[in-house]
Amino acid sequence: MAAEGSRTRWSPLTLLAILLAAAVMVAPLIWTLLLSLKENSALVGNSGAALSPPYTFENYRSILQGNQVFRWLINSIIVSGGTTLGVLALCSLAGYGFARLDFPFRRTLFIFVLLGLAIPEQAVILPQHQLFAELRLHNSYPGLILPGLAGPFGVFFMTQYMRAIPRELDEAAMLDGASRFTLFWKVLLPLTLPAQATLGVFTFLASWNSYWWPLISATRSDMYTLTVGLAAAQMNYAQTSGLGFLMAQAVFASIPIFIVYVLFQKQIVRAMAGTAVR
Amino acid sequence: MSRAADRRDWSGLFFVLPFLTAYVVILIYPLLRGMALSLQQVDLFGGGRFIGLENYARLFADDVFIRSVLNTFALALMIVPLLTVIALALALALNRATRGAAVFRGIFFSSSVLSVTIVTLIWRFVLAPDAGLLGETAQALGAEPIPFLSHPTWSLWALAITTIWWSIGLPMMLFLAGLQQIPGDIYEAAALDRASRWTTFWRVTLPGLRRTLVLVIMLQTAAQLQIFGQAQLLTGGGPGGATRTMVLFIFESAFARWELGYATAAAEILFLLIVLITLTQYATTMRGSEDDGGR
Amino acid sequence: MASLELSNIRKAYGATPVLDDVSLSMEAREFVAFLGPSGSGKSTLLRIIAGLETLDAGEVHLEGRRIDQLPPGDRGVAMVFQHYALYPHMTVEENMSFGLRNARVPREEIASRVAEAARVLEIEQHLAKKPGQLSGGQRQRVAIGRAIVKQPKLFLLDEPLSNLDAALRMRTRVELAQLRQRVDAGVIMVTHDQAEAMTLADRIVVMHDRRIQQVGPPMEIYSRPANSFVARFVGSPAMTLAPAEPVPGDGAYARVRLGDGTEVETRVPRAGLPATGPLQLGLRPESVTVGGADGGVTTATVELVERLGDRTLVYTRLADGLEVIAEDEGNSRLQMGETVRLSINGAATHLFDADGRGYHAEARPE
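Chains as they are written, first to last, in the working numbering: chain A, 5 to 282; chain B, 31 to 325; chain C, -5 to 360.
If we strip away everything but chain A, and leave its shape as in the complex, we get (with noise of 0.2 Å):
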């Protein structure tokens, strides 16, 4: 790293900033998990006793008792796993296409996928949510994953990391006697996994992430993502069962997300920075 200042320690007033600010990054997460430590009565009228014990995993016990969180939970993985698979599988062979083979209009239908980038959520969701009406694809799996599968971004992504692999790699596995699907299967995907990895990544966090669309496509509560099921729970918070057991189902729904960051850290980095590139 060369940069301004690299080379220098922070300034006591520098570091004094640096830790003011993460403090206010940090305390609503400490605040939010204190909060689900606590029994829901303790809480009536008095949230600020979360700031000093006794603290107790009863919430977190009713939660793995048996809730719609789990239910949730599940939903969001299978929609965020198949989303993240269909993109993948997708856009790896629509990269390879556009990226190493040629037929008629090939410029053409890159371009007009590229168009597609400048296409915001709003400018589509309702037509899609009329659509999707029609097809019955309302409260199921399908009608959670299909939408996402269609953003260009991923097929511009791979082809350009597919155009960065040497084209002499494709002549040696043709010379290698390779047919067009071995070469594809065996050489080319095989050095994508790290495009992959970024791109997988990318598309899991926006799925699990995402609110407008299953907000208004599921809408039976068994159908819910955890997104949504949680909006639900907030906005209905006071008929429900209190504070602390909320606050723990936001922490609980907010550990699987925090594994792939951590786990993932890089490639969400560089996802995100990918979005500058274009």
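Please keep in mind that the hints were generated in silico from the structure rather than gathered at the bench.
Heads up, a few of these hints could be off.
As the list claims (entries may be wrong) - Residues from chain C that face chain A, not an exhaustive set, calculated with beta carbons under 7 Å:
1) Pro66
2) Gly67
3) His77
4) Ala79
5) Gly93
6) Gly352
7) Tyr353
Positions of the beta carbon are idealized from the N, C-alpha and C atoms, including for glycine.
Starting from the known structure of chain A, arrange chains B and C on it as the hints suggest.
Then chains B and C, alone, in the frame of chain A:
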């Protein structure tokens, strides 16, 4: 070049066809259908009736819509400058190869991986005057808690603060990436020229970050114009429509009042705004690179 | 029987022709070098033989079988790529066996061929490594090994030495020479390095401007260049081409006059030369000496002295401005700016007519 490697034939099409099908059916067709929909009167039971631009005319006369546009712009104006400055400051402070800096980068980015639902859940019980962290703190200090979620101006700030907390990670990472692109020897040259830190920042760092700066501002503006979950979950658009954003307006028109055509027309206006911003970014960075070439 | 037969090959990229009616015949087990500057079409020709480029017209036969319509993997050729093109995610062993597995060669057969090639190339201890863990020279040998195990009828080498540093290049050159002793197949090597071509090849195919300029054994290419392009491209430093006027006379050999008036008696037969028109006199450094027993034929100024140890190259300029490179002994005392007398060995000179065609002395130096 006609390499034998990519013999020109139709079979290559099969590799792109699966995606193209999804793309056309799920994205392009709805896009066009949306444009048509915005020219129709559609109610809950379908059955559109072509009414030309009437939806658009109604929108521009609809105070609720106008208010939501103004709210959205106000939010963008509150969020984007603060977010940009804070992210830049953090990036400058954390742009070093130490372990501590890496840990702090991880902390500031961590909120970005949370879903909007969890973010609003967390912040609802930070901001709420009766049960929130800030309210409790204020009471402990003997002060009157700020009515973050029930006062028209404060509730906008509540959304802004929540959003800044949520989305600080990406612009910070973009600035960090931008800082890495500035060659180190420029700084050495500046140091040899006895440039002060302040001068170095204004004359070396900031010009070097020009493209990143444009990118961050445009990305964030486009994102904040589409602000939805925070408003829907934290304030429900209230009090009295003070925090109803454009997307929330679209959502309510479509799924509370079931005026699909009307809602779609509003969505098309938002789409247009976002395209304009993308084009502005494109034009700005293009001009920027011409400047670079001319030097 | 001819091993490889190229007949009337044409190739164009769009409107730009890159190969124009190229024909060539290669003996079995012959080592042929395609030599030429970049853009001469030599790489395209190699890639056409490999099946990596299509051809617009013409035919390619290998051991009597027409192969130009076959996919690359079915042609019985193996290629060593310029940047090796090893599969980065496969081990050395997997790299070498990939082609055999695609060809459904029995497992034991694959194992024994790979083991044999690894032994010969001394890469046995690297079989389990990935290419990224190998040095440049080791990668080169893996690339060669990958070609050997296929037991092809023809090896195609695309600039095989260009990525190696000077020391490794010499070593690999030796290895390539040994390779061709070991394998029962022809070898074609594309190179722009004449030293490589001269050392390794049985015959050199000089290519330029979409065409084959000359085909022949290295020393013939060097001593009897078919035209002025070959004459200047082969040999280092390049042959001097001095504009020359024929001097009328009736001797058996042509006599020419240089721009500064010097007359040179060549050993090129006067018969066969064009009756009129300007000529060029081709002078290699070793045919021009400083001083000399006869006291020299012309006077020149020394501009640069390049001491090579065993001999010295003297860059001189004649009175009319023509630059001539001469040779002097290793311990030459010449200094820049000195005026010297040059002798020209007429028996080792060449003449080129207005079209660039070469005419050579009767008694060959070799």
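Structure-inconsistent hints, enumerated in ascending order = Result: hints 6 and 7 break, sorted rising.
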